[in-house]
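2 protein chains.
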Amino acid sequence: MSTHFDFDVEQLDSSSAARAGMMHTPHGDVPTPVFAPVGTQATVKTVSPDELLELDATLILANTYHLYLRPGADVIAKLGGLHSFMGWSGPILTDSGGFQVFSLESLRQVNDEGVVFRSHIDGSEHSLSPERAISIQEQLGGDIIMALDECPDPLDRDYNRTALDRTHRWAERCLKAHVRRDQALFGILQGGIFPDLRRESARFLTSLGFDGYALGGLSVGEPKAKTWEMLDITVPLLPLDRPRYLMGVGSPEDLFEGVERGIDVFDCVLPTRLARNGAVFTSQGRINLRKAEFAENPAPIEEDCTCYTCQRFSRAYLRHLYKAGEILGLRLNTIHNLHFLLDLMRRMRSAILEGHLDALKQQFLATYAPVEDSANQRADALAHRRGKHNTNG
Amino acid sequence: MSTHFDFDVEQLDSSSAARAGMMHTPHGDVPTPVFAPVGTQATVKTVSPDELLELDATLILANTYHLYLRPGADVIAKLGGLHSFMGWSGPILTDSGGFQVFSLESLRQVNDEGVVFRSHIDGSEHSLSPERAISIQEQLGGDIIMALDECPDPLDRDYNRTALDRTHRWAERCLKAHVRRDQALFGILQGGIFPDLRRESARFLTSLGFDGYALGGLSVGEPKAKTWEMLDITVPLLPLDRPRYLMGVGSPEDLFEGVERGIDVFDCVLPTRLARNGAVFTSQGRINLRKAEFAENPAPIEEDCTCYTCQRFSRAYLRHLYKAGEILGLRLNTIHNLHFLLDLMRRMRSAILEGHLDALKQQFLATYAPVEDSANQRADALAHRRGKHNTNG
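Protein sequence lines correspond, in order, to chains E and Z. Count along the first sequence from 1, add 45, and you get the number used in our numbering. Count along the second sequence from 1, add 45, and you get the number used in our numbering.
Possibly wrong hints are sitting among the right ones.
Identical chains share a label here; the pair holds if one copy fits it or two copies do between them.
[What the hints assert, rightly or not] Think about it this way: if two alpha-carbon atoms lie no more than 35 Å apart in a straight line, the pair counts; the simulated DSBU-like pairs of lysine-lysine are:
hint	residue 1	residue 2
1	K271	K221
2	K221	K336
3	K368	K123
4	K336	K269
5	K368	K271
6	K123	K221
7	K336	K123
8	K368	K336
9	K269	K123
10	K271	K123
Keep in mind that the hints were calculated from the coordinates and are not lab data.
With the sequences and hints as input, model every part of the structure.
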């Protein structure tokens, strides 16, 4: 266990499994539940670290796979680690690289030792093992790092059975390999959509004693009802005093579902990716600024929104920037979408502390129209992964 | 003459034709000499209006041709004009659209009435006349607007002879058409590299009485010595109490040349375009951040630079952002390059006020290594323009 990481539960919700808490990290405290913007390549796409501060982002995620390949974990280590490299002095979570590697077209070989893959940048061959995943993340220097897991098709029972055993052995090796006590190490539960495997994973990993627990292999294309069923089954088996992290979620409506089931930490590319496609969140649901109807619309994206974009710019201007291919538009949309989700999480946290989370959810969903495709943001990775398990060497 | 625009000369340089002055506009004062960042499509590419404020930009340029086509001058007028539309409350200068139209592959016809051209966006046919150029610029609402001029190949005497007569008739019509007294109208001198034509243009246009005078048809591919010769010939013929604007300049070394010859206002895409190609200014000259030598370089672009980029980020990080295709990198490079030129202009202004402009120039050029290709940033337009005059209908 890390000597520099801790988690306090501040308040349990009376009508659900939700809780408000506080993660303590070497780079600051993170009030939970929290949504972590994704900074894949050591930058949350289009925004600066100072804009993240203005948005009151308290935790960001960076992707080990991408940073290992470019610029290289050794380069980042030489430059003082990720915080110094990217100019962000707040808490950072890095993933293990496993999810990206298992999503690659060029995944070459998986065996008990680890994974062999080819770089999507230059085709060069690389390998990743539990020990290597930890040492790379130690070089990157995130506050929270993740164990290496195998990420199977969530619907394939045979593969999940095999992969789960491997994930568990890898989890043990990650714990052994981890030497930096200033970093928290989270284990990742797998088991697809299979209740017995999920239970087994929860029991096994909690027996090892991680600083926190992530739910992996969800939000990758499985039916949404199954996602929530797996949470209902798994979360009660996790220790109350450790943070729980649902990877790859999500949309506003899914964040409510996760929080109600006791999840503390979320990450997703949804708000930033949507923004770059011209899609922005409003209290009524998502709208796309590309639409001709906004061409002369002098209103901000959302009338009472306090974000920089809404304080300064009209839908008409944002549409113009999008249509004209201007980079500023991508940034302004991103700032609004991040604000929307971060603000929603802050409102959920307040609601939990004040005992009216369910009322907030009802109020939010009374006007917000969810978009079907937003449920499974990692689903595009599923196609790549289907059939991958027969490449096991 | 505008009732809302004025220009004061504050100090004449003792050793050159340089002067320090102040332009007064409805949206604020502009200390001169000044470099205006280019915001072609109602945004200085990659930066926000607040970043321009932080950079102490005092004047920006927007392109009438682009905004007329998209989103449309009528749309911008409905949304309260350019200042309101783009969230920039400082002074704005708009060009007439002429330079872009005369650079178009799809220029269809030029006659005394005006120009017929096809949109580069959708191929639709449009026409521009002096009256139309003014009315569009009145809709856009810039503080300084430009007369429509014909932009010939600077080396073609016959074309320049014909074009100059037309430019002068158009200048008269622009003055007549202009009704918004809160906007200053500048005339544009033409005449290619031909001293007699340049003198004629200066005498004719100053006899009409514009709020300011621009030197057009320069920095478009002619030898640099000719550019400065035309300034030496022309500027002394312009009234002392009106601002002089050299369009399309420029590079640090060319800004010195222009200022010494009595130019007050400059604009150029150079700093912003270079930035998006990874090239940034330093006191030693331009460097390109793409280079492998910067991969592990922990230094900022320039050690004692006070811009946001240099205060927060290393060359190694900026190189990473560029190589990884991350949009933040384009912005950070742009901020640095704009700061470099804006700061250089502020230093020139102080030097004029304090009587040591020549010393500043010697000191700057002692370390700064100019790049040859930076001289004529509008040169790429020249190829399009060559031979265009035989399309006159």
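Q: Can you give me the call for K221 and K336, within, between, both or neither, at a CA distance of at most 35 Å?
A: For K221 and K336, neither the intra-copy (54 Å) nor the inter-copy (40 Å) Cα distance is at most 35 Å.
Q) How would you classify K269 and K123 at a CA-CA limit of 35 Å: within, between, both, or neither? A) neither (43 Å within a copy, 45 Å between copies)
**Q.** Intra- versus inter-copy proximity for K123 and K368 (alpha-carbon distance at most 35 Å)
**A.** For K368 and K123, the Cα distance is within 35 Å only across copies (18 Å; inside one copy 41 Å).
**Q.** Intra- versus inter-copy proximity for K123 and K271 (alpha-carbon distance at most 35 Å)
**A.** neither (44 Å within a copy, 50 Å between copies)
Q. Given identical chains, is K336 near K269, meaning Cα to Cα at most 35 Å, within a copy, between copies, both, or neither?
A. Classified as within: same-chain Cα gap 29 Å, cross-chain 47 Å, threshold 35 Å.
Q) With identical chains treated as interchangeable, where does the CA-CA distance between K123 and K221 reach 35 Å or less: within a copy, between copies, both, or neither? A) So K123 and K221 pass the 35 Å test inside one copy only (25 Å; across, 66 Å).
Q) Is it within, between, both or neither when you check K368 against K336 at 35 Å Cα-Cα? A) Close inside one copy (10 Å) and across copies (33 Å); limit 35 Å.
Q: With 35 Å as the alpha-carbon cut-off, assign the pair K271 and K221 to within, between, both or neither.
A: within (33 Å within a copy, 73 Å between copies)
Q.
Within a copy, between copies, both or neither: which one fits K336 and K123 at a CA-CA cutoff of 35 Å?
A. between (47 Å within a copy, 18 Å between copies)
Q.
As a check of your reading, is K368 near K271 (CA-CA no more than 35 Å) within one copy, between copies, both or neither?
A. Result: close neither inside a copy nor across copies, 39 Å intra and 40 Å inter.
Checked against the numbered hints given earlier, the structure breaks hints 2, 5, 9, 10 and satisfies all the rest.
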